[in-house]
Every structure is written in structure tokens, then in C-alpha cells.
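Participant: One-letter residues, chain by chain:
There are 2 protein chains.
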Amino acid sequence: MTMRSGLDRWTDGFSEQLNTMLRFPLGWVNADGSPNHIPTGKRIRPILLLLCTQASGGDWKQALPAAAAVELLHNFSLVHDDIQDDSPTRHGRDTVWRIWGKPNAINIGDGLFAISYAALSELPQQGVSHEIVHQVMNIFNRTNLELIRGQYLDMAFERQELVSLEEYVSMIRGKSAALIAACAQIGALIGSGDSVCAAQYAEFGLNLGLAFQIRDDILGVWGDPSVTGKSTATDILARKKSLPILHGLHADARLLSFYRNSDMSAALVAEVITLLEQCGSLDYAKQQETEYYEKAINALHKTGSSGEGASILRNLARQLLGRSH
Amino acid sequence: MTMRSGLDRWTDGFSEQLNTMLRFPLGWVNADGSPNHIPTGKRIRPILLLLCTQASGGDWKQALPAAAAVELLHNFSLVHDDIQDDSPTRHGRDTVWRIWGKPNAINIGDGLFAISYAALSELPQQGVSHEIVHQVMNIFNRTNLELIRGQYLDMAFERQELVSLEEYVSMIRGKSAALIAACAQIGALIGSGDSVCAAQYAEFGLNLGLAFQIRDDILGVWGDPSVTGKSTATDILARKKSLPILHGLHADARLLSFYRNSDMSAALVAEVITLLEQCGSLDYAKQQETEYYEKAINALHKTGSSGEGASILRNLARQLLGRSH
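Listed in order, the protein sequences are those of chains F and P. The opening position of the first sequence corresponds to residue -1 in my numbering, with each subsequent residue numbered one higher. The opening position of the second sequence corresponds to residue -1 in my numbering, with each subsequent residue numbered one higher.
Hint data in this document are derived by calculation from the structure and do not stem from the laboratory. Take these hints with a grain of salt, some might be off.
[Stated by the list, open to error] In the DMTMM-like style, the derived pairs of lysine to aspartate or glutamate whose C-alpha atoms are separated by at most 25 Å in a straight line are: (1) 59(F) <-> 129(P); (2) 284(P) <-> 222(P); (3) 100(F) <-> 222(P).
This one's a predicted model, so the numbers in the text were calculated from it and none came from an experiment.
Okay, chain F solo, but in the shape it has when bound (with noise of 0.2 Å):
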């Protein structure tokens, strides 16, 4: 409950209406201020935060203005995402702009990227040394920095017809990988106070968040509509350029100039996935996961982290990634 008596701590003297707005994209309250039971995160970042206090030897109970702090400002760039993108729903629900408008929404992400850093500005109440404090701060600008870089590709990349597989991982890299690597680093910084082993963290993190957005291009176009709550293919459908895409873009010509021309149609979006996965881009962008994968379990290991800890963290990735060994 930290992270909710903290935003009430700094959001006191606000009007109902905007502490609803500040709230609902935490999946808190509804769009009306009611209470909301329904999940709307699964809270990925701010648990392996937690974890890597945990594993590197520390109290995870220090590190909670972090993990509050990593999940604000997960959901900060997830409101402006979808001002961006023009997206109207999330996890299920009408995204903040579509119900209060752009003008509103940019607002709200700001004050929710605030907040993060107001977050992370408690850490010396919870004992944590102004010194290591320092260090986070730095750790966290320079995330930010890189899911500004991230954003700015990955909106570039659309008015691009073809962008190298160097390029695309550049940009996830910024986009998901940064803030995934961050919540180790921070996390195994404020378990260990030491930061040689809260870098090999950050390499665990960052590998993880690269075959977990490989992942999740896979799941784009070959996952399961039962599972991954989207229709089949959406990616396809929506031109996206994914990894295992823009590796069949490269490979064989007939995919470029369906990506060029053609209306989309159901017939069409599995011409392109038969196509896809002739030219190898499904292999291709699995063997590009099952590699992050395994370097991120490598890191894991030259963390010197061992027993229980270690073992958690193992089988998050591996859930992660719907791995069974």
C-alpha cells in the first residue's frame, strides 16, 4: 500500500476529478472515481525489483519507493504511448485520452513522470544512504533517456519502409529493455550497495527485456488469440515492423510489396505468415530470444547470487517467457 499512500501524500490538495485521472491508469478507480477490482497490470517491473533486492542480500521492504517509482513511470510512458499511437483501449479498458481528451492525457502522463521521481526522492526515509540514493537517481535519468531515444526510433521507424534488425534492436532496447535492465540495476544497488554487482544485474535486465519483447513480436503474429487476448496477426494487420517481420522484409521481396500495396485481407495475412515462416523469421527471431535468454541467465549467474533468490528470479524469467526448462 506504499505506493497508494504515497500518491496521496503528493497529490493532497487536488480536486476528486484529477486525482481519478492521476489514478486510473494504475488501474486503481474507474473512469467515474469508483473503485476498480480488475487487474490491469501485471507489475513486472516494480516484482523484479523487489527481487533483486531480495537476491542481492537486501531487504526488498527498503526498495519500495523504487518499485513505486519504476511502475509510475512504466505507466507515465504507456499514457503518452498512447496519445502517440492513436491507441483507444488498454488492458481492456478506454485509454486516458479517449476519455478525457489529448490536452488531458499529456497532463496526466507528466504528472505520473513527476511522481515517479517523487517516489523515488523516500528512499532515505526507508534508510537507504543519500549516496546509493544518488546513484539511482542516475540510473533512472538515464533510463529515461533511453525510453526517449526508444520512442523517438520507434516513431521514426514508421515513416520508414525498411529498417535494419541492428536498427530495431537499438530501438527495444530503449523502448523495453532500459527501463527491465533499470529495475535490476536499482533494485541489486539498493540489496548489495554495491554497484560492480548492480551492473551485472542491469546486463541480467536488459537481456531479459530483450527476449521478453521478442517474445512478445512472436506472440504478435503467431500467438494465440486465447491467450494473448489480441486477435491472430494483429501485427501483420496493422503493418507493424517487428523483429521476425522485418526479417521477412528483408528476406524475400513478395513480403515488401505486400507490405506496400495490398488491403490486408484474412486470405492475405496468411499468405504472409506461410511466407514468414519459409523464409526462416520465425527461427530466426526464436533463436534471437532463446540467445538474449540464455545471456540474461548468464548475467543472473555472475551475480554470485545464489540459494533462493537466484532460483525465483530464474523460474520469473523463464514464466516470462513461457519457457518450461
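Based on these hints, arrange chain P on the given structure of chain F.
Facilitator: Then chain P, alone, in the frame of chain F:
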């Protein structure tokens, strides 16, 4: 040049295009990336901050990262504000969203916001203690939440026919005066290390900021176009609800019906101005401006600052408000 080299450090690895977009609103470059030599802002906030560091007994050089932070924060808020208001120009140039579109402009604002925190985090390198940095960070966080609250109210007021004078002052306190207050407070905290003294400076800044905004409101109706750079009575044409106009709307029902119904012809604008003068709205606004100005000067007196530092601050306050006495 601290601000430029600081920005370079944090945006190392960004593409040329993204770097241009981030530097454009600061007035350093034109949209094509070429250097811009025409001033785009008065830099009031960083100057005020550094003067308060000096006046409170410190060395302004120590406060440079904080001065950069408030200027970056101010520019972040302008970039987002221009999107929210659909404003096509600022400082005689196209706004960021007009040049690069709203999705990019949201991201650029977010980037400036993140870099403002990154700048603050460099205070320890200037020899400011972690304890003081922590207090500065708290002031900065509170200020950001005040900006969010003020911006929310400003947008909400646009959809309300009438707003009370108290509500209006509460809005400008958040949207305009809070950051001026923070500049004075942060500057004095770094200069003196004394939070009680810094709170007096905050009082000075807050009242100065309120007086400054009300003066701006007066100039929006009665300003000399050759001085303000805007056409006469812009605020009436745009149906703004600034302090003198709100006073008139409450005082004279004819004004309300003009605002409610008519096209604003030049003749009507003249009539609105006459009505505002007749019902004492100009006098009311002038008197409010003077009250806040005097509160500011009293607060400055109470800081105990004397000598050159205090007299420069008094002169700055006079200049900002166009006062000869």
C-alpha cells in the same frame, strides 16, 4: 555553457535529428539544425535562481545545475502547453509540434523533463551536499506537481463559463508562480544551506510570480503592441479568462453576454475594454498586482539579505513589473 555541455553529456548517442529537436525549444538551433542566434526567451528563472544563491550568501557557480534544471523544466512545460493549446507559434517561431508533429513534440517535452532532473542530479559535482540536494529535489518535485495542478485547472476553466477570482489565483499559483517560487527557494537553499531562510525566499518568489502573471494579464488587454509583441487586446479576442476579465465578467452581465454570444469584432473589443474600465476591472487588477509586489518586497526584506545581492533582486522585481519606484 554548463547547460549546453550538460545536455551533450546526457544526449550522447542520440541521432542528429533527435538532438536538434531537443535543442530547438531552448532556442539554440533552428529547425534545420543550424545555430540560432536570435534570443527566444528571457531566462528569467535561472537568473533569479542564481541571484538568490548569491544574495543568500552563496556562490552562484555552485547552483548552475539547478539553474539549468529550472530552465529545462520551464521549456518542457512550454512544449507540452503549446500542444495542449494548439498554439502555432512561440517567440516568433513555429512551435515544436507544428514542425515535427504532436507525437514527437510530446516525446521532446518528456525528454526536456527528464534532462531537467538529470541536471539537478549534477549538483553534488558542484560541491552541494547530498542532504541539500535531497531538499532541492523535494522542492522540485512539489513544484512539478503544482505545475500539473495548475495546468489541469487552466484547461478545466476553458470549459467553464465562469471561474471565481479565488479559483483563478489558485490556478496561476500552480501554473506560473510555483516555479518562480521554486527558483528563489532552491537558489537560497544552495546559497545559505538554511531551509528557513529559503522558505522566505520562496515567499518572495511566489508573490513576485503572482504579480508578474497579473501584470501579463493586464498587458493582454491594455498592453502596447509595440512593447508586448502581441496585437492589442489579444486576450479578449481569444476570450481568455484572465484576472481583469474575470473581474468584469462577475461585475457586469453585459460582458458575460458578449463573451457568451458575439463574434468579437474590433468595435466590440473596444466596447468590452470600456466596460471593463467602467466596472473597475483594470483598477482591481492593478491593485492586486501591487499587493503581490509589496508582499514580495516585504518577504525579500525578511530574508535578512542586504547589500548588493538584495538590491539587484529588488531591481529585478521592479524591472519585471515595469515599475519605476
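Participant: Does each hint fit the structure? Answer for all of them.
Facilitator: Hints and how they fare:
| no. | hint | in the structure |
| --- | --- | --- |
| 1 | 59(F) <-> 129(P) | holds (22 Å) |
| 2 | 284(P) <-> 222(P) | holds (16 Å) |
| 3 | 100(F) <-> 222(P) | violated (35 Å) |
The structure is inconsistent with hint 3 alone, although it conforms to all the rest.
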